[in-house]
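Participant: This is what each chain is made of:
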Amino acid sequence: MQNSVVALGGGGGGAKPLQSLAVGVRSSLYTTNPNPNPNRMAAPKWAQKTITLPPQRRGCHLITPKILKEIGQDLSEFKCGLAHLFLHHTSASLTINENYDSDVRDDTETFLNNIVPEGRSAPWKHTLEGPDDMPAHIKSSMFGCALTIPITNGQLNMGTWQGIWLCEHRDSPTARKVVVTLNGI
Amino acid sequence: MQNSVVALGGGGGGAKPLQSLAVGVRSSLYTTNPNPNPNRMAAPKWAQKTITLPPQRRGCHLITPKILKEIGQDLSEFKCGLAHLFLHHTSASLTINENYDSDVRDDTETFLNNIVPEGRSAPWKHTLEGPDDMPAHIKSSMFGCALTIPITNGQLNMGTWQGIWLCEHRDSPTARKVVVTLNGI
Amino acid sequence: MQNSVVALGGGGGGAKPLQSLAVGVRSSLYTTNPNPNPNRMAAPKWAQKTITLPPQRRGCHLITPKILKEIGQDLSEFKCGLAHLFLHHTSASLTINENYDSDVRDDTETFLNNIVPEGRSAPWKHTLEGPDDMPAHIKSSMFGCALTIPITNGQLNMGTWQGIWLCEHRDSPTARKVVVTLNGI
Chain A
226 MQNSVVALGG
236 GGGGAKPLQS
246 LAVGVRSSLY
256 TTNPNPNPNR
266 MAAPKWAQKT
276 ITLPPQRRGC
286 HLITPKILKE
296 IGQDLSEFKC
306 GLAHLFLHHT
316 SASLTINENY
326 DSDVRDDTET
336 FLNNIVPEGR
346 SAPWKHTLEG
356 PDDMPAHIKS
366 SMFGCALTIP
376 ITNGQLNMGT
386 WQGIWLCEHR
396 DSPTARKVVV
406 TLNGI
Chain B
226 MQNSVVALGG
236 GGGGAKPLQS
246 LAVGVRSSLY
256 TTNPNPNPNR
266 MAAPKWAQKT
276 ITLPPQRRGC
286 HLITPKILKE
296 IGQDLSEFKC
306 GLAHLFLHHT
316 SASLTINENY
326 DSDVRDDTET
336 FLNNIVPEGR
346 SAPWKHTLEG
356 PDDMPAHIKS
366 SMFGCALTIP
376 ITNGQLNMGT
386 WQGIWLCEHR
396 DSPTARKVVV
406 TLNGI
Chain C
226 MQNSVVALGG
236 GGGGAKPLQS
246 LAVGVRSSLY
256 TTNPNPNPNR
266 MAAPKWAQKT
276 ITLPPQRRGC
286 HLITPKILKE
296 IGQDLSEFKC
306 GLAHLFLHHT
316 SASLTINENY
326 DSDVRDDTET
336 FLNNIVPEGR
346 SAPWKHTLEG
356 PDDMPAHIKS
366 SMFGCALTIP
376 ITNGQLNMGT
386 WQGIWLCEHR
396 DSPTARKVVV
406 TLNGI
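Residue numbers (the numbering used here), protein chains in the order written: chain A, 226 to 410; chain B, 226 to 410; chain C, 226 to 410.
Hints are supplied without guarantee of correctness; some may be wrong.
Copies of the same chain are indistinguishable here, so a pair counts whether it falls within one copy or spans any two.
For lysine-lysine, the following DSSO-like pairs were computed, each having C-alpha atoms within a straight-line distance of at most 27 Å [stated by the list, open to error]:
hint, residue 1, residue 2
1, Lys291, Lys350
2, Lys350, Lys294
3, Lys291, Lys402
Calculated from the structure, these hints are not laboratory results.
Given these sequences and hints, build the entire structure.
Facilitator: Structure below.
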């Protein structure tokens, strides 16, 4: 099992940076089929928790460190699997994008505000919850409220420049809940 | 196992509203690793079916009740897992958004129609299937054709105000197929 | 197990076209719960690999055949499951859309270029990587970098007209990595 996983990880192991994963290497097929050799047993595992993210100002925010702080210990128990993040709200969104230059997050917020009319110019019928509410709902469906990320050797297997963003679309910051579900072997 | 799940569900159990889930509670890690103690055995389960949604007019429609009517019985057998919905079409979409005020659905349809040009003003080459067809394809990729939702204590674990929407982007209503896949313990 | 799966597939089996799947048939619930009857054992399997897609020009490209060439053999070992594709980049995207008329892909690229300002007219602060970079990041979050597709009888269970698209949002073609994770029974 260990060897198969290392092969899958391109000889990397949990410690090596994920971008060094061997490319195009056909993975072994893992199975939980009862097997006389205990070293080849893989036990499917599930973990699920609800995380609360602190209130953030309207805009796009890099939350990878916050997420890893909450699930890093559970992640380390998975050699291969999937991590699912589900935001419990309809006026914010989750997306994966650039993790380095904060200007990318500011420009993305600029784009969203330019493309979704707000205030007097807006054609919305749903205005009771404030001028920023209907635009927030639209932005939430544009980017979506859920992410699924592969797990490899106990880590989220993302690209070098990828990060997890929480996009807050309301003017009044509020805490946001994310249900994280981990599944793998 | 029961206790672990209840802990994960914040003492809620299937009956309590999901928004009352304990927040930030580290979940137990479930495993199917053969175990002498049967109370700690968790059996991974898969269920899959194809649902047909009746024809609906162009616009956004709340379909949570229709989906739950089809999969509620299967859902009840999962303590922890994921539900995947996959729309078999390229001129409609699935999204999660506000489940209360139907104006939010109408305003979202207004936004989509304002942002994707249709008819004489549109630059499309693909027009053989009607003026509403190419805009429908674009809207389908904007919102997407698939959803993954966590399952907790036999229920879809969505936020208080979240609902599942089918967005019909064609003028002529047609029945739409959704492949639902449930996986969990 | 075979019978359950055939029932799930509407009597189809791997050979029959997926669009002929029986509709609304309640699926059997599969389990890996140890069982005296080996024919009813289902063994959860995981497979994961990193695929490199060759450089492609800016625009939308149908990559279903490339993906199936890489994972078809692994797919054939799954009766029921999910296939997850995760693009390792923030300036390209994955989406599911029309697999027949290439005009649909050209028109989608036209839409993206019309909706996301580029060059002198653009309000972006992030310009160091070229005028096409910030628009590429925005398009990546609009369509997303990941797909989850059901697996039925050893095949991707997509609609008749659905295909997997890689949308390249940069001017300079570069190879793109996709982490594919298969999970099922």
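Participant: Using 27 Å as the alpha carbon limit, work out where lysine 291 and lysine 350 are close: within a copy, between copies, both or neither.
Facilitator: So lysine 291 and lysine 350 pass the 27 Å test across copies only (26 Å; inside, 36 Å).
Participant: Regarding lysine 291 and lysine 402, is the shortest C-alpha distance of 27 Å or less found within a copy, between copies, in both, or in neither?
Facilitator: both (12 Å within a copy, 26 Å between copies)
Participant: Could you place lysine 350 and lysine 294 in one of the four classes (within, between, both, neither) given a Cα distance threshold of 27 Å?
Facilitator: neither (41 Å within a copy, 30 Å between copies)
Figure legend: structure checked against the earlier numbered hints; the only hint not met is number 2.
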